Structures are given as C-alpha cells and as structure tokens.
Amino acid sequence: MTWRRRIRWVLAGAALTHVVAIWALPRLIVRAVRHRLAAQVGMNHIRHAPLPDSNWRTIVMPSPDLLYSACAYDVSDRPLLVTAELPEGYWSVSAFAENTDNFFVRNDRTVANRRVRVIFSSQPYFQDPGGGTVVQVPSKTGVILFRQLILDRDDLPKALAIQRAATCAPL
Amino acid sequence: MTSTGLVALSVTLGVGSAALSIRFASRRGAIQVGSWRASATVGGSDSGMYERAAIATHALFVLNRDETFYYRAHTDDAGADLDARCDYEIGGRTLDARWWSITAYGGDDFLIPNQERRYSFNMANLAKEPDGSFVIRASARPKPGNWLPLGGSGHVSFALRLYVPSAEISSHPERAALPSITGRCP
Numbered sequence: 001m002t003w004r005r006r007i008r009w010v011l012a013g014a015a016l017t018h019v020v021a022i023w024a025l026p027r028l029i030v031r032a033v034r035h036r037l038a039a040q041v042g043m044n045h046i047r048h049a050p051l052p053d054s055n056w057r058t059i060v061m062p063s064p065d066l067l068y069s070a071c072a073y074d075v076s077d078r079p080l081l082v083t084a085e086l087p088e089g090y091w092s093v094s095a096f097a098e099n100t101d102n103f104f105v106r107n108d109r110t111v112a113n114r115r116v117r118v119i120f121s122s123q124p125y126f127q128d129p130g131g132g133t134v135v136q137v138p139s140k141t142g143v144i145l146f147r148q149l150i151l152d153r154d155d156l157p158k159a160l161a162i163q164r165a166a167t168c169a170p171l
Numbered sequence: 001m002t003s004t005g006l007v008a009l010s011v012t013l014g015v016g017s018a019a020l021s022i023r024f025a026s027r028r029g030a031i032q033v034g035s036w037r038a039s040a041t042v043g044g045s046d047s048g049m050y051e052r053a054a055i056a057t058h059a060l061f062v063l064n065r066d067e068t069f070y071y072r073a074h075t076d077d078a079g080a081d082l083d084a085r086c087d088y089e090i091g092g093r094t095l096d097a098r099w100w101s102i103t104a105y106g107g108d109d110f111l112i113p114n115q116e117r118r119y120s121f122n123m124a125n126l127a128k129e130p131d132g133s134f135v136i137r138a139s140a141r142p143k144p145g146n147w148l149p150l151g152g153s154g155h156v157s158f159a160l161r162l163y164v165p166s167a168e169i170s171s172h173p174e175r176a177a178l179p180s181i182t183g184r185c186p
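Line by line, the protein sequences give chains A and B.
All letters in the first sequence, in the order written, are residues 1 to 171 by the working numbering.
All letters in the second sequence, in the order written, are residues 1 to 186 by the working numbering.
The hints are simulated quantities; they were obtained by calculation from the structure and are not laboratory data.
What you were told as hints is all true, and nothing was included just to trick you.
Partial list, computed: chain A residues near chain B (C-beta under 7 Å):
#: 1; residue: V10
#: 2; residue: I22
#: 3; residue: L25
#: 4; residue: I29
#: 5; residue: V60
#: 6; residue: D65
#: 7; residue: S94
#: 8; residue: F96
#: 9; residue: N99
#: 10; residue: T100
#: 11; residue: N102
#: 12; residue: V105
#: 13; residue: L145
Covered stretches of chain A, as calculated for chain B (at least 3 residues, CB under 8 Å):
#: 14; region: 46 to 54
#: 15; region: 147 to 158
Computed list of chain A residues with no C-beta within reach of chain B, every gap over 10 Å:
#: 16; residue: A39
#: 17; residue: Q40
#: 18; residue: V41
#: 19; residue: M43
#: 20; residue: N113
#: 21; residue: G132
#: 22; residue: T133
#: 23; residue: V134
#: 24; residue: Q136
#: 25; residue: A161
#: 26; residue: I162
All of these numbers come straight from a predicted model, not from anything done at the bench.
We treat Cβ as the ideally placed atom computed from N, Cα and C, and that holds for glycine.
Go ahead and model the full structure; you've got the sequences and the hints to work with.
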C-alpha cells in the first residue's frame with residue numbers, strides 16, 4: 001500500500017470513529033445511568049436522592065436547591081405508571097429518551113387538578129382507564145426525573161415526605 | 001506501519017477529535033450574553049449530535065427551554081478562564097423567571113466542597129439591595145455578603161438556571177439582562 005493510500009485509510013477510519021463516538025456517547029451514558037439506577041432499586045422503580053452536596057457523584061451539574069428522584073424505565077413489555085403529590089413550590093416530572101432528549105415535562109402549574117398520573121407507553125393508542133396523561137415514548141428505555149425546589153432547609157422534612165409519596169411502577 | 005497500527009491510529013484520531021469536539025461544544029452556544037453562553041435547542045428533540053454528546057458529558061438530563069433556560073459561564077467578562085484562585089463578583093438584578101439560581105461548579109462539573117456547604121445562591125436566599133440589585137462574591141477566601149465559596153485551584157464555572165422563564169426570555173434569551181462577572185486574580 002502506498003503512503004498516500006495509507007493516509008486516506010487512516011483519515012477515513014478516523015472520521016468514521018469520530019461520528020460513531022459522538023453518536024454513541026449519549027446513549028452509552030444514559031444506559032450506564034439507567035443500569036446504575038436499576039441495580040439500586042430495580043428497573044421501573046423510583047429512587048429518592050438526598051439534597052445534592054459536594055459528595056454527589058450520580059449525575060453531573062446537580063442543582064443544590066432541588067430534591068431529585070429518578071426512575072430508570074423500560075416499557076418494552078408493559079406501560080409505566082407515574083404518580084405524585086404536589087408541594088406548594090416548584091415541582092416537575094420530566095422524561096428523557098435514550099439519546100438524552102427531554103421529550104416530556106410537567107410542573108406543578110401545568111398539572112391539571114394538582115393530581116399527577118402519567119402513563120408512559122410504547123403503544124401509540126394506549127388508553128388509561130384511570131384518566132391519566134398518556135405519553136408515547138420515543139425510545140422504549142430512558143430515565144424519568146422528579147425535581148422539587150427547596151428554598152428553605154426548614155421545609156425539608158415536609159418535602160421529603162412529598163418526595164417519598166411519588167411512585168413509578170409497571171402498570 | 002502494519003494494518004493493526006493503521007487501525008489504532010485511526011481510532012486514536014477519531015476518539016481524540018470527538019473528545020475535543022465535545023469539549024468545544026460544551027463551552028460554546030449559539031446564544032451569548034456577556035460571558036454567559038446558552039443554547040436554544042438544549043434538551044430538545046432538535047438538538048444536534050454534538051450538542052447531545054456535550055449534554056451527556058457535561059449537563060445530563062437538562063430540561064427543554066420552555067421549562068428551564070440554562071446559561072453557563074466558563075470565562076469572566078474580560079474573557080479569562082474562570083479559575084478557583086481568583087476572586088469574582090457576579091453582579092446583576094432580579095431575573096425574570098419563576099425562580100432562578102446561580103451555582104458554582106468545579107472542573108469536574110460537580111459541586112465544590114466547602115465548609116459552609118454553600119454551593120449556590122437563589123432568588124430566595126440572596127441578599128439584595130433595596131433597588132433589587134445584588135452582588136455575589138465567589139472566592140476561595142471568605143467574603144462579606146453573598147459569599148459563594150470556590151475550591152482552591154483549577155477551573156470553575158457558573159451555571160445560571162431560570163426555571164419557567166418569562167415569555168420574553170424564552171423567546172429572546174439573547175436579550176436577557178444577565179449578571180456581569182468581573183474577576184481579580186492574585
């Protein structure tokens with residue numbers, strides 16, 4: 001092989017590796033987070049975290065003002081039901097696809113009747129007899145994240161009770 | 001060079017250029033206000049390949065722009081990289097959002113250890129002047145007023161979160177009146 005041809009092969013291989021790495025990295029990182037959550041509480045179950053501090057190493061760029069809960073989902077076999085009680089201040093539930101896209105979010109002011117019942121399904125026409133919001137997921141696996149604002153540390157016991165009332169379970 | 005050597009060189013170049021691209025993508029952003037950078041597509045389905053890779057490595061699980069707008073600063077207003085050995089004054093006025101906060105992060109994108117266990121200031125716990133203006137003093141050394149402790153060395157960054165931003169900021173985030181960041185290094 002001539003040197004010119006070798007250089008062409010190396011550059012083509014480098015370009016291919018570059019594109020594959022950029023495309024795969026978000027999926028690998030979300031998958032790693034999903035597996036870590038599933039190893040702690042199981043797939044399609046919620047994990048409640050304490051208020052982030054400098055010991056927090058779960059997910060980069062945590063907000064120290066938010067109480068987080070997370071649920072690794074896999075709706076390949078059955079839809080997933082998410083329920084929650086709402087606090088007085090800011091609260092949200094959001095869902096992230098395998099490629100990191102935030103495809104769903106509701107906060108305490110966009111939830112009707114202050115009642116949270118959301119079903120995540122891979123089926124396009126799934127109906128919830130319980131009257132919840134049905135969301136068709138763009139990827140069968142991903143992560144659901146709950147955020148609750150803590151403006152005053154004195155409110156933490158009440159906030160923890162609300163955090164622990166949230167559920168995430170197969171329907 | 002053998003075939004194995006050529007493959008190894010290709011992979012090294014590919015992975016190395018990908019890492020550099022992600023680092024570059026995480027620090028830039030189509031929107032710039034002073035030293036604050038942001039992207040209008042972050043978290044959304046219209047994110048590009050490089051933006052998704054940067055989100056995954058530096059800001060995983062960010063919300064889309066209608067829910068939260070994230071600005072990030074890696075430099076001061078003079079363009080110098082933020083450094084934990086320097087003192088910074090972040091000065092501005094109340095921002096137009098349901099709630100907002102300014103958080104300091106270490107070079108690893110995690111919260112900076114400090115005895116005060118203070119990692120951010122938000123609209124509720126920030127001491128403001130009667131006219132609504134505020135100054136946050138970010139430094140490794142104790143400062144009067146709103147002191148945001150930094151680590152002793154290395155790169156730091158600030159994140160400005162606007163949760164449920166006003167319609168004006170959501171539509172025109174490049175026009176938001178954001179705090180200035182002035183630095184003084186020893």
